[in-house]
Structures are given as C-alpha cells and as structure tokens.
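Peer 1: Protein chains in written order, with this note's numbering: chain D, 1 to 332; chain P, 1001 to 1315; chain F, 2001 to 2326.
One should not assume that every hint holds.
[Stated by the list, open to error] Just so you have them, the derived chain P footprint on chain D, three or more residues with Cβ under 8 Å:
#1 104-112
#2 205-218
[To be verified] List of simulated lysine to aspartate or glutamate pairs, EDC-like, C-alpha gap at most 20 Å:
#3 Lys2199(F) - Asp121(D)
#4 Lys2091(F) - Asp2112(F)
#5 Lys2199(F) - Glu2075(F)
#6 Lys2199(F) - Glu265(D)
#7 Lys1205(P) - Asp208(D)
#8 Lys2091(F) - Glu2173(F)
#9 Lys1205(P) - Asp269(D)
#10 Lys48(D) - Asp247(D)
#11 Lys159(D) - Glu189(D)
#12 Lys2199(F) - Asp2031(F)
#13 Lys2091(F) - Asp2150(F)
#14 Lys48(D) - Asp2267(F)
#15 Lys145(D) - Glu189(D)
#16 Lys2199(F) - Asp2267(F)
#17 Lys2199(F) - Glu2181(F)
#18 Lys2091(F) - Glu2075(F)
#19 Lys159(D) - Asp1304(P)
#20 Lys2199(F) - Asp2224(F)
Hints were generated in silico from the structure; no laboratory data involved. Every residue gets a Cβ at the ideal spot worked out from N, C-alpha and C, and that includes glycine.
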Amino acid sequence: MSAAPLVTVENLGRSFDVSRPWLNRVIEREKRRLLVAAAGVTFTIGRKQTFALVGESGSGKTTVARMMVGLIAPTTGDVVIDGVSMTARGQDAERRRLRRRIHMIFQNPYASLNPRWRARDIVAEPIRAFGLAGSRGDVDTEVSKLLRLVGLDPGDSGKYPHEFSGGQRQRIAIARALASRPDFIVCDEPTSALDVSVQAQTLNLMRDLQDRFGLTYLLISHNLAVVRHMASRVGVMYLGRLVEIADVREIFRAPRHPYTRMLLEAVPDLALSGRPRKPIAGEPPNPIDPPTGCAFHPRCPHATDRCRREAPPLTTLPSVMVACHGVTEGRI
Amino acid sequence: MSMDSPLPQRQPGVLRRAWDSDLAWSFCRSPVAVGASIVAAVMILAAVLAPWVAPHTPFDAATLNLMEGFSPPGEPSPVSGRVFLLGTDGQGRDVLSAILYGARVSLLVGFASVLFSVVLGVSLGLVSGYVGGRTDALIMRIADIQLSLPAILIALLVFGVARGLIQPAYHEEAAIAVLIVAIGLSNWAQYARTVRGSTLVERNKDYVLAARVMGRPVTAIMREHVLPNVVGPVLVIATINLALAIIEEATLSFLGVGVPPTQPSLGTLIRLGQQFLFSGEWWILLFPALALVLLALSINLLGDWLRDALNPRLR
Amino acid sequence: MSVPVLSVLNLRVEFPTRRGSLTAVDGVSFDIMPGEVLGLVGESGAGKSVTGAAVIGLLDPPGRLAGGEVRLAGERIDRLRGEAMRRLRGKHIGMVFQDPMTSLNPLMRIGDQLVETISAHLDMSGDAARERARVLLSEVGIPAPDLRIDDYPHQFSGGMRQRVVLALALAAEPRLIIADEPTTALDVSVQAQIIALLKRLCAQHGVAVLLITHDMGVIAETADRVAVMYAGRIVEIGPLRAVLAQPLHPYTQGLIGAIPTLDSELDRLVQIPGSMPRLTNMPPGCAFHPRCPRVLAPCRTERPPQIDVARSTAACWLYREQAVAP
C-alpha cells in the first residue's frame, strides 16, 4: 500500500457554541460555553481500503464523517481528498468536481430517501445533477443498471420508498451513492437500523461493490463485529478524540487503549465460549462538561494523577497509534 | 436479479390508487363530508356556469323592467306575468340570477386570494425555515404583524393605499385585482408559520443531507425536496380559509369598499338588500344571505373533514 | 413440579382491516418458570412485540386477542378487562420498554413515582415506602440514592434512566417482568451493564423475565431459554446453549450464521435470500419455505407442528421422523 492515500485528515476539529443568549450571559455573568465535538483528528485512508471509525454516543464520529463530505465546516484542520482540500479558499471549482466522486450512505433508511420521490428519481438525481447521461432514455438505462447492481428489480423503479422494506431502501440509497461513479463513500452506521439477516445481505453487497469498483469506504459504526468484517484499519474515538488507530487484526488481537479493551469486552459472546470478561464501568460522559486531562480517566482502571491532569497525545508505536499515558509509560 | 417478486408489476393508475386509498374510503363513510361536498359542488358549478344557467341577466339594464320590481318569490308578476323563483329586487332584477352571478364573483375573489396567500406564505415559510438566521427572524416578525392585525383592517389599508396609487380612471378595472391582493395579504402568515415549522424538521433529515452532499443548489433543494413534503397541511388550511376569504370579501363589499357596483358579489347583494328587510320585501336580503352561509358552511365542513381524515396519517 | 409463572397457549392476535383480518400472532405457545429468563427473539415484523402486548393486555386497537389463553401462575388473565387488568398489571407484571421516557413521568420526581407504585400495590405508605424506594435505587446501581431520589428523569443519563425504570418495574414485587428491547437505545458499553443488572436482580428477587429483542447478543448474555419467532409463529424454542450451538430450524441457523462475530473467520456472512413475508402475503404451509435452503415437499402445503427434538422443539418438517406418534 505504498501509493498515496486517497483521503488525508489533518488535525480536524469542530466546536459548537452552546452559550446561553447574550442577554442571559451578561445578566447571569456566565462564560461562553463551547462543545468540542471533535479535536485533533488525524488519519489517512488508502485507496480501495475501508477505514472504520468506532465509538459510542458523544465520540464525535458522526461529526467527523459530516466534515469529511463537506456538510459541516471544520473549525480547525483540513480534509484533503485526492489532493483537493475541502476547506481551502480558491479551490471552489475543484471542490465542485470533487463532489461527484464522494457520496454518503446514512443510518436511517426511512429518512435517507425523499418519501415523495419515486425510486428511479432518487437514484437518477446524481446522474442528472452532474450531467452524466444525455437523454431521458440514457438516464433510465443507467438507473435500471444500478438497481440491478444492488439486487433490486428495475420494474419496481416507479414505486415510492414506503413500498419497500428497510433493507431494500438501504439498497436504493446504495444505488444512489453509486450513481455518480464515486471513488469515496462515507457510510454512517449503514446497517444499524436493519435486521440481522438484512444486515448480512447489505454488508456482503457493500463488500462486493467495493471489490468490483475499487471503492474507498469510511465506515462509521459502534458495532465492533461489523467493523471486523468490513474494515482494514480502525480508529477508535472517545469524546471527540482518536484514542487508538491500528490495522484491524492488530486491534482485535491486542487492543492497547483501555477504552478499546472495554469495547471489546462489551461485545456479546454468541459462541458462548465463556471467555472471561471484566465488568464495564460508568457511561460515556457529557461532551458539554468533559472530564479534565484524559477524558477516559473516570472509567479507567489504570488511571493515575497524570491522567487526571494531562490529556495524552496520540503517540506512534511500532504497530499502533495510541493516546494513553499508561501505554506509553509501559504500565499497561 | 430481484430479491423479492420475479415479475415486474405495472403500477395502477393515479385515479385507481386515489379511489382505493384510505382517504377515499373515509370520505365515503362520512355523511357530513359527502353532503357538504355535494352542496359545495352544486353551488360552485352553478356559479361558474352562471351565464348559461341563470334564467335572466340581472345586470343587463336593457332586459330590466322596473314594473317587475319587488315581485315576491314564486308568484307571477302583476305586470308581465313572469314568475321569478326567488323574487326580484327594487330594479326588477331576478334575485336567483343575481345570486348566481354574485356567487361567481365571490368565488373568483375567494379562490384567487387564497391562491395568492398560499404562494406568498409557502414561499416565505420555506425560505424562512431553510435559511434560518436573520432572514428567518425578519420574515417571522412581519408575519407576527400580519397576525396581530385584524384581516379586515389590513385589507382596508391595502385598499386605501391602492386607491391612492392608482389613477381614478382605472379604479373600477383594478378593483377586483386589488381586492384579491388585499385579502391575500391579510392571510398569508399562517401558511408561512406552518410551512416554516415543517421545513425546520425536514431540513435536518438525511435525504436533504444527501442532496447537499451532492452539491445541489439551495433553491433546488427547497423546491424539489422540501416543498413536496411540507405542503400537506397547507391544503387543509387553504380549504378552510376559502370560506373565510369569501366571507371577508362579502364583508368588504358590504362595507362598500369591495367589488365595484357593476360586478356585485353576494356581499353587495346583502348590502343592497338590508334596507328592505323590515319593509316587507324580505327575499331581497334573505336569499343572498342564505346562499353565502350555505357556500361558506359547506366549504368549511369539507375542510374540517379533510383535516381530520389526514391527521392520523400525519403521524 | 411447580406452576409456570406465565403460560401462553395457542395465542392468536388479529388485526381486522377493511381488506380482511390479518393474523399477526398465529398459535404461539410457551411457558416461563419462576426465576427463568425466556428470550423471545425475532426480526422486525415477526410479531414478538405484539405477543408481549397481548400477554399484558396492551394491544393497540383494532388489534384483538382472537384465540388461545394466557395464564399467570395458573389463573387465566386474557379475559380480564379494565380495572381488574390494571390492578394485575401494576402488581404482578412489571414492564421495561425501549424508551425510558415511556415509563417515566417527566414532571414527577423519580422518588415520588416509585413511592406511588409501591403504596398502590404493597401495604406500605409514607416513610416505609420511601425507604423501600431508596433501597431499590441502590440495588439498581444508582450512586448516592439519598440525593438522587428527589431528582427528575431529565437529570439522569440514558443508562441511569433505564436503571430507574427497572427499579420501577421491580417496585411492586412482581412475579414477571416483560422487557421489550430494553437496551436497544443504549450505548454498547451501557447495554452490557443493564443486561447484567437485569439478570442479576431478577435472579435475586425470583422474578421471571420475558425478554423481547431482535438482538441475539443480548439473548446470549441473559436468557436461559430462547424462543425464535418468524412471521407470527414460534419456529424453535429450547435451552440457550442448544439453540445457539445446534440450531434446529433452518431460519435459526440462517439467523445465527448472519451475525458477524469477533471470532468468525468467514469472508462472507451467511445470508438468507428474500425477506420475511408481509402479513398480507403469507405463504401456505410453513411460512419460511420460500426462503428455506432445505425445503421439502410437505413444507409447501402443510404447516409443521412443534416437534420435540432432544431438549428443544422445532416447527420443521425436517424432523418429521420424531413427530410420528408412537
């Protein structure tokens, strides 16, 4: 994998101003309050690879995903996709061309398709928007091809979304994502709202499409088993920061960060192997009121005074990158 | 290779689907809805086809015979022997025909002003909800102003301003248009508010985000994606407002600032007729008033049914 | 031989529509013994939530109980109406739903809500009830219960709220708890805690649990026995280990094979072609036959009965040898 990565994320961050209105602040003498949804996020995605971003609520993974496709503007840092920056000034024309090559699949199959549009119009929208087909007939042909590609019947293209099941709607969303022949697709919890058997169909489909078209995926998920099945590299996020990045085999073989270990412990043991599991402690903290120092220290069995004072930086070790004092000090 | 049915199915046509829909089923089971829509349909049809359906032409001075004036309903006139179903007024105009032509004007002004309000209100509501920020605040404050002033007052203000701006020679020609704009401007805010609320919800939905990821321009997103999903409640409000618009027009005409005397509406007829109420020729006031009530009531009931029928589905 | 806490026999739930009656639950039978956790697992549309609602008398109209019986500790409860059902529900059956805000009144302090339930169903009031509430809160793991007992629901996080709901469900000392997707809305790390808590507390209090979920992982952590539902019918029911390790019914096999796990080395997940049939479009015979990789001739026409195989029961013609009456 020596070729240049397709996506480079550099020190990406986003804060939201959640202060009370100006008048309230003046009267009650309150300071401005900042919600740091993501900070210092740095990683790369190689071509035709799947990078998974894992975390629970408040981890910032959805915010990062939205910044990468240009839905939210970052407050710090930058996203560079195939040499084009998503934030730099003066690159508007390149960014417009870039939009054809990126797309997003959302979690909720009931909200990601316009309920008043027919399936064929939903899939055709990118084709029409980017002028990729000539006549009406060409568009229809392309739409039929795409529907067949995702395992749907082109004869159903005149139906409305509510006439399809959840799994089928997600397939329509995938067909729409493929319509502009993208290189990079961000998948935000694509199967979390689907039944298990449908999830299997969808994940298999996504893998097949990736192999066939050489797609690059950013997969957002809270489900480690799904990540293991789909990704080649994994980044674990906690309260807006990356705490561990490694190849997928490494992360599951030897997780370093205590939070990664905790997530692995929480995965249910379907094989009833009876493997020993440590009990989990605490809950994800509120991003508006984060703990001092390392955000994980209230729940960490290895926390020291240094952890309470100082937030650990993301350090590069031989096969992983970890943000943990305990690991860098060799304690864990 | 389909995962479900192997045969492609032909979609049933729009009419078939409308007939089969739950809405049609609920309609057929509501006697109020059926009754109200029959009455409304008959009246609207009769009014639209007035030139062909009316037995006489009440506003063509040549056909009037002063001696036929004050003819009671159903009785032959002592002079000419003609029977007027609902009687005649002081000038010999047939009340029935006057009602038909009058309803025509009332309906024209009613529909047109509602259309004006809807277009204005929905557009402003969409922009307000989608763009947000100061634009939203500005539009909503103007809407607040509209809502806090009585509709008649706003209409009178618009009328007065128009009268000042337009040369007296064109007053009569422009009167209907000004009236439509006046009533329209007095009623748009509720559409704007409703649409703005729905837009705020739809704006954050994933399908809008998907369109934004594609880089579609804001106007296209508002028009193609958001608009179809927010117009539902508008239909209900518009139907109920139609009745109100007709009454508002009648009120303005009654006060003398509505339609010009050459194109009387039901309101004008009521104004003309009220002086005769206690002098014995009651039919000149009663029948136009009844017609107005019937028209407004049937449209109102239809709107009420529509709102209730659509409600559970708006969950 | 003790009496099962909950005994459901041939339960049938129908939804009359203008196009005819739809059968959402078709002949479902199971028992739950005291202290046992029965997991009712199935995908969306299988009818598991409807079954739970029918047991407790909370079916949304026009749905109605069209057949079968429901017995609580031996006594029939499916015929109860109104006040009698309400009293029963409050005292003997506790409920935990997916969204804690369904069970908690946002305008009442949680202490007051607990006391309200306790004094309504147990012979306690005032200080005694409040003390019991405090004890319950500490049992479910709320830190500093003396302080938090006077807080409002919105002052708790999602996981904490679900703990409060659990306390509320246990407050009247019920015999049975029905939990419908209790952890689906929670974060992964919190899910594990709540599941462990549910299992531990119910074992301690001797309460039976009907755990309804689509998540096999939750079942694997909590249940003693598992019932798998498909298209309104139970296709397999048996001890947890047996069903997970040697699933009998082809649907169960497909379901378990489709779940990605940390240990599997498969490149492709097992997928079952097609999807669950809609209620308006039920196939004849075995509901699963159009998608079954091991379909036989009788499957297409005759609905298979529950056949005992080892310690489980499967509704599948594959085991017809065992079904032949001696």
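Peer 1: Would you mind marking each hint as holding or not holding in the structure?
Peer 2: Consistency of the hints with the structure:
1. Only residues whose C-beta sits within less than 8 Å of a C-beta in chain P count toward coverage, and the segment 104-112 of chain D has 6 of them, enough to reach three; the restraint holds.
2. Only residues whose C-beta sits within less than 8 Å of a C-beta in chain P count toward coverage, and the segment 205-218 of chain D has 0 of them, not enough to reach three; the restraint is violated.
3. Of the pairs offered as hints, the one joining Lys2199(F) and Asp121(D) is violated, with about 49 Å between alpha carbons and a cut-off of 20 Å exceeded.
4. Taking the CA atoms of Lys2091(F) and Asp2112(F), the gap is near 17 Å; set against the 20 Å cutoff, the hint holds.
5. A hinted pair counts as satisfied when its Cα atoms are at most 20 Å apart, and Lys2199(F) with Glu2075(F) does not qualify at roughly 26 Å.
6. Using a Cα cut-off of 20 Å, the hinted pair Lys2199(F) and Glu265(D) holds, with the two alpha carbons roughly 18 Å apart.
7. The straight-line distance between the Cα atoms of Lys1205(P) and Asp208(D) is roughly 28 Å, outside the 20 Å bound, and the hint therefore fails.
8. Restraint check for Lys2091(F) and Glu2173(F): satisfied, since their Cα atoms lie roughly 7 Å apart, inside the 20 Å limit.
9. Of the pairs offered as hints, the one joining Lys1205(P) and Asp269(D) is violated, with about 35 Å between alpha carbons and a cut-off of 20 Å exceeded.
10. Annotation: proposed proximity of Lys48(D) to Asp247(D) holds, straight-line Cα distance about 15 Å (limit 20 Å).
11. At roughly 25 Å between alpha-carbon atoms, Lys159(D) and Glu189(D) are farther apart than 20 Å, so this suggested pair is violated.
12. A hinted pair counts as satisfied when its Cα atoms are at most 20 Å apart, and Lys2199(F) with Asp2031(F) qualifies at roughly 18 Å.
13. Restraint check: the Cα-Cα separation between Lys2091(F) and Asp2150(F) comes to about 24 Å, which exceeds 20 Å; the hinted pair is violated.
14. For a cut-off of 20 Å, the pair hint linking Lys48(D) to Asp2267(F) stands: about 17 Å separates their Cα positions.
15. For the hint linking Lys145(D) to Glu189(D), the alpha-carbon distance of about 26 Å lies beyond 20 Å, and the restraint is violated.
16. Straight-line distance between C-alpha atoms of Lys2199(F) and Asp2267(F) comes to about 34 Å, which puts the hinted pair past the 20 Å bound.
17. As the CA atoms of Lys2199(F) and Glu2181(F) are separated by approximately 14 Å, the hinted pair is consistent with the 20 Å bound.
18. Between Lys2091(F) and Glu2075(F) the CA atoms are separated by roughly 15 Å; this keeps the pair inside 20 Å, and the hint holds.
19. With a C-alpha separation of about 31 Å, the suggested pairing of Lys159(D) with Asp1304(P) is violated against the 20 Å cut-off.
20. As the CA atoms of Lys2199(F) and Asp2224(F) are separated by approximately 10 Å, the hinted pair is consistent with the 20 Å bound.
Going through the hint list in order, the structure does not satisfy hints 2, 3, 5, 7, 9, 11, 13, 15, 16 and 19.
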